[in-house]
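Q: Residues per chain are reported as follows:
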Amino acid sequence: MTALLEIADYRLAFDTFDGTAQVLDGIDLTLEAGGTLGIVGETGCGKSVLARSLMALNPMPPARVVSGQIRFQGSDILAMSEREMRRLRGRAISMVFQDPASYLNPLLAIGTQMEDAIRGQDAAVGERQRPRAAARARAAELLAAVGLPEPARLLDSHPHQLSGGMRQRVLIAMALAGDPVLLVADEPTTALDVTVQAQVLALIARLVAERGLALMLITHDLGVVAAACARVAVMYAGTVVEEAPTADLLSRPLHPYARGLIAAVPDLDHPEHRPQGIAGSIPSLITPPQGCRFHPRCPIATERCRSEKPLRREILPGRSIACHHATP
Amino acid sequence: MTQPLLRAEGLSKTYEAKRGLFRAARAVQAVAELDLALDRGAALGIVGESGCGKSTLARLLLRLIPLSAGRITFDGQDITGLDEAAMRPLRRRMQLIHQNPSAALDPRLTAEDAVAEPLRIQGLATGRALRDRVAALLSEVGLPPAFLHRFPHELSGGQKQRVCIARALALEPDLLVLDEPTSALDVSVQAQILDVLDGLRARRGLAYLFISHNLAVVRQVCERVAVMYLGRIVEEGTAAEVLGTPRHPYTRALLGSVPRLAAHGIAPAAPGEPPNPASPPPGCAFHPRCPIAIPACRDAMPPLATLSDGHRLRCPRAMEVSP
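These protein sequence lines map, in sequence, to chains R and D.
If you're matching positions, the first sequence starts at 395 in my numbering and goes up one per residue.
If you're matching positions, the second sequence starts at 240 in my numbering and goes up one per residue.
The following block holds chain R by itself, in its conformation from the complex (with noise of 0.2 Å):
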């Protein structure tokens, strides 16, 4: 079986005035149909970077590919033209992101939006536009299947008349307008509230398994994974230094920075359990540590990690760590 999604040996640089970031440095994920992956990792590690890869929206330049692939239903997204880019934005893959407000105009109603959304879609895979009204009835199933209420009333309204969550359900009805089979959500929660976002969490899960949607998920909180992905990357300085079930990983995980990363979180539950933060701080991209990027803030580096790049590999069956000294 082919996996949906293959990225092999991708590397992507940002060419800057201070110099070139090495931003992603040889990322190599697979993920199949219907599987969920969530991508976790502190602020600059790439993740983003990673997600808007997928559907060609890092600006070229300052953005460089420098070498990969990133295959999906086989074909190599990376090798594509800007016109066949576009039949596969929002219709394969489609993308929701942190904050509503930005993706929505606040000029225009809801319903207008929407119908423009699907009629584009029309437009790009070159099929013949559907009539407004056809649009329309369209938006109104999917604002239905997002699980807003009154969905005609909805589509009059404007952005502003709705809440945080409304609006990030609107996303999501869009998201889905092209019968996606990859949905790649970055940090789709993060503005809601914790009530909120407990709904829109299970509202994705639902979708996800109700459609066969495959999911990457881009997060910096790793109860977000817990909730919603059944595998789970854990990104550092531009790499994938750990790739595993989410529950094994975050009941046991066996990189240092993994370790680190969920012995930093507060537990709600166990409040005697201190929050241990990780010595140091991220590295620059411009000028990255030699070898394990990790190994200047790693307490169990060693020579070797200081020289030698460690190559992920899979350590335990489904489970592959980027690091010299891991063992199961």
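Worth flagging that the hints you see were computed from the coordinates, not collected in a lab.
Do not take every clue at face value.
As the list claims (entries may be wrong) - Pairwise CB distance ranges, derived in the manner of DEER restraints:
id : chain 1 : residue 1 : chain 2 : residue 2 : range
1  : D       : A506      : R       : P711      : 24 to 32 Å
2  : D       : G483      : R       : G520      : 55 to 63 Å
3  : D       : L303      : R       : D470      : 54 to 62 Å
Claimed, not checked - Partial list, computed: chain R residues near chain D (C-beta under 10 Å):
id : residue
4  : P453
5  : P456
6  : T589
7  : V590
8  : V594
9  : L644
10 : L655
11 : V659
12 : R668
To be verified - Which chain D residues face chain R? A few, computed with CB under 8 Å, are given here:
id : residue
13 : A368
14 : A430
15 : A455
16 : V456
17 : L482
18 : T484
19 : S496
20 : P498
21 : L500
22 : A502
23 : P507
24 : A508
25 : E512
The C-beta atom is built at its ideal place from N, Cα and C for all residues, glycine as well.
With chain R fixed as given, assemble chain D onto it according to the hints.
A: Relative to chain R, chain D alone:
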């Protein structure tokens, strides 16, 4: 009994929301009839979702915005009616830490200058003594001398927040009001800042009013917690009780909504979203989302009852329906 460092009684803040040129203004009650007390050296957490009034509360208590009703006492002194000049000597003793340290620092001041500024303005130190004091303050928050001459853009988010904390400490306050102090930081940095805050409180006997939406962080920092919903406290007590064995249905919904690392999947703990403060529901503001609401909950705002152990709870139903 010793008097608390900070006390608010019947504190209210009403904003006039303009509704266009020719329509009457409508009152939005951001904080309503709120009572709280913070002891010297204690840490009180204020939790709640956006729009619950927690940041307005911080600004009211610091007298940064005018209050609509109520009384604020700081160290035994009624500060409700004090004008700016009378407040000035007290401002040294109460400091605010913001969520976003990048916005709180002047981009043209080095870490040293930023921390020296309040000391210089208050005329507390000059020359060599000033420089020594600034270096000591920065070292206390974990920034070695190498950082003295760095500008904000040369500092990470966590380092900037450390500078903000050192600057707030410069005038030796009794009270720090911390408004989401770690929300903009990565989790590994957050843990470091929480350590800094714990150490400072232990050494200096500071009192913290700690505002956050992150319940786990509040559980780490605070002994007491007040939960706010639409401008009112709905539950208040020790952190162990409120966050360990919550009684108010809203507190339960909040805790139930936090995704746990140990659990796969998530079930929404409350339907709907916090209501718009401009058109609050009648009666108990939480009743439209409440799993144990009865018709009476729609009729009148339940009082904030004080239970025998000092726990405060605004829900007669929760007391009937034992957990």
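Q: Taking the hints in turn, state whether each one holds.
A: The hints, checked one at a time:
In this structure the supplied range 24 to 32 Å holds for A506/D paired with P711/R, their Cβ-Cβ distance being about 30 Å. At about 60 Å, the beta-carbon gap between G483/D and G520/R stays in the expected band of 55 to 63 Å. Range check, L303/D to D470/R: Cβ separation about 56 Å, and the 54 to 62 Å hint holds. Because the closest C-beta pair between P453/R and chain D is about 22 Å apart, greater than 10 Å, the hint is violated.
A cut of 10 Å between beta carbons decides the hint on P456/R: the least distance to chain D is about 19 Å, and the hint is violated. Of the supplied interface hints, the one on T589/R holds, with its beta-carbon coming within about 5 Å of a beta-carbon of chain D, less than 10 Å. With a cut of 10 Å, the hint placing V590/R at the interface with chain D holds, because the nearest CB-to-CB distance is about 5 Å. This hint holds: V594/R has a C-beta 9 Å from the nearest C-beta of chain D, less than the 10 Å allowed.
Among the interface hints, the one on L644/R holds; its C-beta lies about 5 Å from the nearest C-beta in chain D, closer than the 10 Å criterion. Given hint, L655/R at the interface with chain D, holds; its Cβ is 6 Å from that chain's nearest Cβ, closer than 10 Å. A distance limit of 10 Å between C-beta atoms decides the matter here; for V659/R the minimum to chain D is near 6 Å, and the interface restraint holds. Using the Cβ-Cβ criterion of 10 Å, the hint placing R668/R at the interface with chain D is satisfied: the shortest such distance is roughly 7 Å.
Checking A368/D against chain R: minimum C-beta separation of about 31 Å lies over 8 Å; hint violated. Contact between A430/D and chain R, as hinted, is supported at the beta carbon level, the nearest pair being about 4 Å apart and thus within 8 Å. With a cut of 8 Å, the hint placing A455/D at the interface with chain R holds, because the nearest CB-to-CB distance is about 4 Å. With its C-beta approaching chain R no nearer than about 6 Å, V456/D sits inside the 8 Å limit, and its interface hint holds.
Among the interface hints, the one on L482/D holds; its C-beta lies about 7 Å from the nearest C-beta in chain R, closer than the 8 Å criterion. Against a cut-off of 8 Å between C-beta atoms, the interface hint on T484/D is violated, since the closest Cβ of chain R lies about 12 Å away. Checking S496/D against chain R by beta carbon gives a least distance of about 4 Å; that is within 8 Å, so the hint holds. The beta carbon of P498/D is positioned within 8 Å of a beta carbon in chain R (closest approach about 3 Å), and the interface hint is therefore held.
For L500/D, the shortest C-beta to C-beta distance to chain R is roughly 5 Å, which falls under 8 Å, so the interface hint holds. Given the 8 Å rule on beta carbons, the hint for A502/D holds: about 6 Å separates it from the nearest Cβ of chain R. A cut of 8 Å between beta carbons decides the hint on P507/D: the least distance to chain R is about 4 Å, and the hint holds. At its closest, the beta carbon of A508/D sits 6 Å from a beta carbon of chain R; the interface hint therefore holds under the 8 Å criterion.
Contact between E512/D and chain R, as hinted, is supported at the beta carbon level, the nearest pair being about 5 Å apart and thus within 8 Å.
In this structure, the hints that do not hold are numbers 4, 5, 13 and 18, in rising order.
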